[in-house]
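The working numbering puts the first residue of the sequence shown at 2, with every later residue one more than the last.
Some clues are possibly wrong.
[Claimed, not checked] Heads up, simulated BS3-like pairs for lysine-lysine below, C-alpha to C-alpha not over 25 Å straight-line:
hint, residue 1, residue 2
1, 525, 253
2, 214, 109
3, 109, 156
4, 344, 385
5, 373, 363
6, 253, 317
7, 252, 109
8, 490, 363
9, 239, 252
10, 95, 83
11, 83, 201
12, 252, 525
13, 201, 109
14, 389, 373
15, 239, 253
16, 525, 290
17, 290, 252
18, 239, 109
19, 37, 525
20, 37, 214
21, 317, 344
22, 37, 253
23, 252, 317
24, 145, 164
25, 145, 389
26, 317, 214
27, 214, 253
28, 164, 152
29, 156, 145
30, 253, 109
Hints in this document: simulated from the structure, not taken from any laboratory.
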Amino acid sequence: MKWTTRLLVLAVLAGGLVCFHIVRSNRPLRVNEATKEDTLLLGNATELSTLDLQVATGQPEHMVFAALFEGLVAPDPANPDKPAPGAASSWETKDSIHWTFHLRPNGKWSDGTPLTAHDFVWSYQRILTPALAAQYASMLFPLKNAEEFNKGTLKDFSQVGIKATDDYTLEITLVGPMPYLLGMMKHYSWFPVPRHVIEKFGSPTDRASRWTKAGNLVGNGPFSLTEWRFTHSLTVDKNPYYWDADVVRIKKIVFVPIASDTTEERAFRDGQIHSTFTLPNPLIQEYAKNRRDVLTSDPILSVYFYRINTTREMLKDVRVRKALSLAIDRDGIINNILRAGQKPSLGLTPYPESLDYPQAPKSIRFDPVEAKRLMAEAGYPDGKGFPKFDILINTHEAHRVIAEAVQEMWRKNLGINVGIYNQDWGVYLESQRQMNYAVCRAAWGGDYPDPLTFLSMWKTGDGNNETGWSNAKFDDLINQSNQEADATKRLNLLGQAESILLDEMPIIPFYWYVQVYASRPELKGRMPSVLQHRAYKGWYLDHSVLNQPATVATPAP
2 MKWTTRLLVL AVLAGGLVCF HIVRSNRPLR VNEATKEDTL LLGNATELST
52 LDLQVATGQP EHMVFAALFE GLVAPDPANP DKPAPGAASS WETKDSIHWT
102 FHLRPNGKWS DGTPLTAHDF VWSYQRILTP ALAAQYASML FPLKNAEEFN
152 KGTLKDFSQV GIKATDDYTL EITLVGPMPY LLGMMKHYSW FPVPRHVIEK
202 FGSPTDRASR WTKAGNLVGN GPFSLTEWRF THSLTVDKNP YYWDADVVRI
252 KKIVFVPIAS DTTEERAFRD GQIHSTFTLP NPLIQEYAKN RRDVLTSDPI
302 LSVYFYRINT TREMLKDVRV RKALSLAIDR DGIINNILRA GQKPSLGLTP
352 YPESLDYPQA PKSIRFDPVE AKRLMAEAGY PDGKGFPKFD ILINTHEAHR
402 VIAEAVQEMW RKNLGINVGI YNQDWGVYLE SQRQMNYAVC RAAWGGDYPD
452 PLTFLSMWKT GDGNNETGWS NAKFDDLINQ SNQEADATKR LNLLGQAESI
502 LLDEMPIIPF YWYVQVYASR PELKGRMPSV LQHRAYKGWY LDHSVLNQPA
552 TVATPAP
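Could you build the full structure based on these sequences and the hints that come with them?
Right, here's the structure in full:
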């Protein structure tokens, strides 16, 4: 090729690149076009493992369930942590043991089928049926005889404390006084599932049933499922059959699974989504300094921790487990890696003062000298002879960086070498469920505003325990707390139980969360929630903001 021809080709290519850049730079932002159509574009962290809300356990799933389903009690749009009427228009109780809920006569499923009290009875029977192996079945253990039915010692479900006295009246009997029941009922484990759809697609206990596919799934929330493009997006449209449809201002929500927080932030900056699920740690300070108008950082009732598989030979020794915890510098992780205002875990239950939990133990600390002594006492002086294992994490930059910091701390303070094993969300959850790990990163967000939401899961055989740990005294204290009517005595029982948990250390708490995310100015009505509850029917997109400068589109450093 002659040099003149080559120059011509290069000029054409250069011109094409310039034209592409001009077109790309001047194209309408995706969020602006979506806002005009009242379509909300949300980052949702990662792909969902399931849309069956009775076998799900993850936070990304929870964010979608809040759009598709609704329990007897719902988050208040003005204060999502406050219980508000949902599928039930009202309720009453005299002793916090016996409750009566009155359902709305105009309540419907998203296919127009009437929603009745019998749907709730059947739904609670399904989640408690042992064959379903629902990890959140224990959330319903406050119901009289629910635990016995779930464990198979009771076969007759009619003896469980749930009864429909007519199509729109539901009576609930608990094992003891629980004034926090309404807050608990906002969790999706208490939501109804559509019997008339599930039975059409096979056995009610089939965890892989096709009832959750787009075109099949029916819910009772403010939105209904229209499309699920795996690893790409999940779309829900406004549900015209929702009892409160008149107040729902958003017409469509598109949940975008972006596992990489760096990629998600770039999508936000490029106008591809209205709000992120989180923000990359290195950019939080830059946003705090230059982009306060789009940054939110709120304390939430969530704790970051590592599970320990106590059935592994080298981890059966409590001295080893304690040493692993004592060798971790939590302040160093927060100040040098996270840098978003997180608080180091003093115990498992986060921000205990917000729960009026004065008996919360404060026994977590950094003590490498004691950690080294315990390892030597356990037979591993300076880490000699200690078997190598991996820290299991799911795909996320922050989890890897934290694991690398812990890896170095354990090498430096204990003399042991560990690896890091990364798995995608669904595979990671299954590995955790099957206890196919040695040490596994985890997090737990409060399902209701009470310390029990962080403690009850560690009872023997609980579906969310997944550590192999068991302690009869701990179990007994949790059971006693469920029967105790005096609030102070009850919290004291929970404090004793948490002390046992932290003394035997089947888990290693790291820090208490803050929720940090970026949200465009046109997204309105999103209220803070320590429980991360979302009342989508109170959200809306302000069209007037479209004429304001898009400051978030400037490149990050």
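Hint by hint, here is what the structure shows:
Between the alpha carbons of residue 525 and residue 253 the distance comes to roughly 15 Å, so the proposed pair stays at or under 25 Å and holds. This hinted pair checks out: residue 214 and residue 109 have alpha carbons roughly 20 Å apart, not beyond 25 Å. Distance restraint check for residue 109 and residue 156: the Cα-Cα separation of roughly 31 Å exceeds the 25 Å cut-off, and the hinted pair is therefore not satisfied. With a C-alpha separation of about 33 Å, the suggested pair residue 344 and residue 385 falls outside the 25 Å cut-off, and the hint is violated.
Between residue 373 and residue 363, the direct Cα distance comes to roughly 21 Å. Compliance with the 25 Å bound is thereby established for this hinted pair. Note on residue 253 and residue 317: the hinted pairing is violated, with a Cα-Cα distance of about 50 Å set against a maximum of 25 Å. A hinted pair counts as satisfied when its Cα atoms are at most 25 Å apart, and residue 252 with residue 109 qualifies at roughly 19 Å. Pair hint residue 490 plus residue 363 holds up; C-alpha atoms about 19 Å apart against a cutoff of 25 Å.
Between the alpha carbons of residue 239 and residue 252 the distance comes to roughly 5 Å, so the proposed pair stays at or under 25 Å and holds. Restraint check for residue 95 and residue 83: the C-alpha separation of about 20 Å stays at or below 25 Å, so the hint holds. The suggested pairing of residue 83 with residue 201 is violated, with an alpha-carbon distance near 36 Å, which exceeds 25 Å. A threshold of 25 Å between alpha carbons decides the hint, and for residue 252 with residue 525 the separation of about 14 Å falls inside it, so the pair holds.
Simply put, residue 201 and residue 109 have alpha-carbon atoms about 18 Å apart, close enough for the 25 Å limit, and the pair holds. At roughly 17 Å between alpha-carbon atoms, residue 389 and residue 373 fall within 25 Å of each other, so this suggested pair holds. For the hint linking residue 239 to residue 253, the alpha-carbon distance of about 6 Å falls within 25 Å, and the restraint holds. With a C-alpha separation of about 22 Å, the suggested pair residue 525 and residue 290 falls inside the 25 Å cut-off, and the hint holds.
Among the hinted pairs, residue 290 with residue 252 is inconsistent with the structure: their alpha-carbon atoms are about 34 Å apart, more than 25 Å. For the hint linking residue 239 to residue 109, the alpha-carbon distance of about 14 Å falls within 25 Å, and the restraint holds. Using a Cα cut-off of 25 Å, the hinted pair residue 37 and residue 525 holds, with the two alpha carbons roughly 14 Å apart. With a C-alpha separation of about 29 Å, the suggested pair residue 37 and residue 214 falls outside the 25 Å cut-off, and the hint is violated.
Between residue 317 and residue 344 the CA atoms are separated by roughly 29 Å; this puts the pair beyond 25 Å, and the hint is violated. Between residue 37 and residue 253, the direct Cα distance comes to roughly 12 Å. Compliance with the 25 Å bound is thereby established for this hinted pair. Taking the CA atoms of residue 252 and residue 317, the gap is near 53 Å; set against the 25 Å cutoff, the hint is violated. Between residue 145 and residue 164 the alpha-carbon distance is near 11 Å, which keeps this suggested pair within the 25 Å criterion.
At most 25 Å may separate the alpha-carbon atoms for a hinted pair to count; residue 145 and residue 389 exceed this at roughly 46 Å. Taking the CA atoms of residue 317 and residue 214, the gap is near 42 Å; set against the 25 Å cutoff, the hint is violated. Taken as a hint, the residue 214 and residue 253 pair is honoured in the structure, with Cα atoms around 18 Å apart against an allowance of 25 Å. Taken as a hint, the residue 164 and residue 152 pair is honoured in the structure, with Cα atoms around 20 Å apart against an allowance of 25 Å.
The hinted pair formed by residue 156 and residue 145 meets the criterion: a straight-line CA distance of about 14 Å does not exceed 25 Å. Taken as a hint, the residue 253 and residue 109 pair is honoured in the structure, with Cα atoms around 19 Å apart against an allowance of 25 Å.
When held up to the earlier numbered hints, the structure conflicts with 3, 4, 6, 11, 17, 20, 21, 23, 25 and 26 and fits the remainder.
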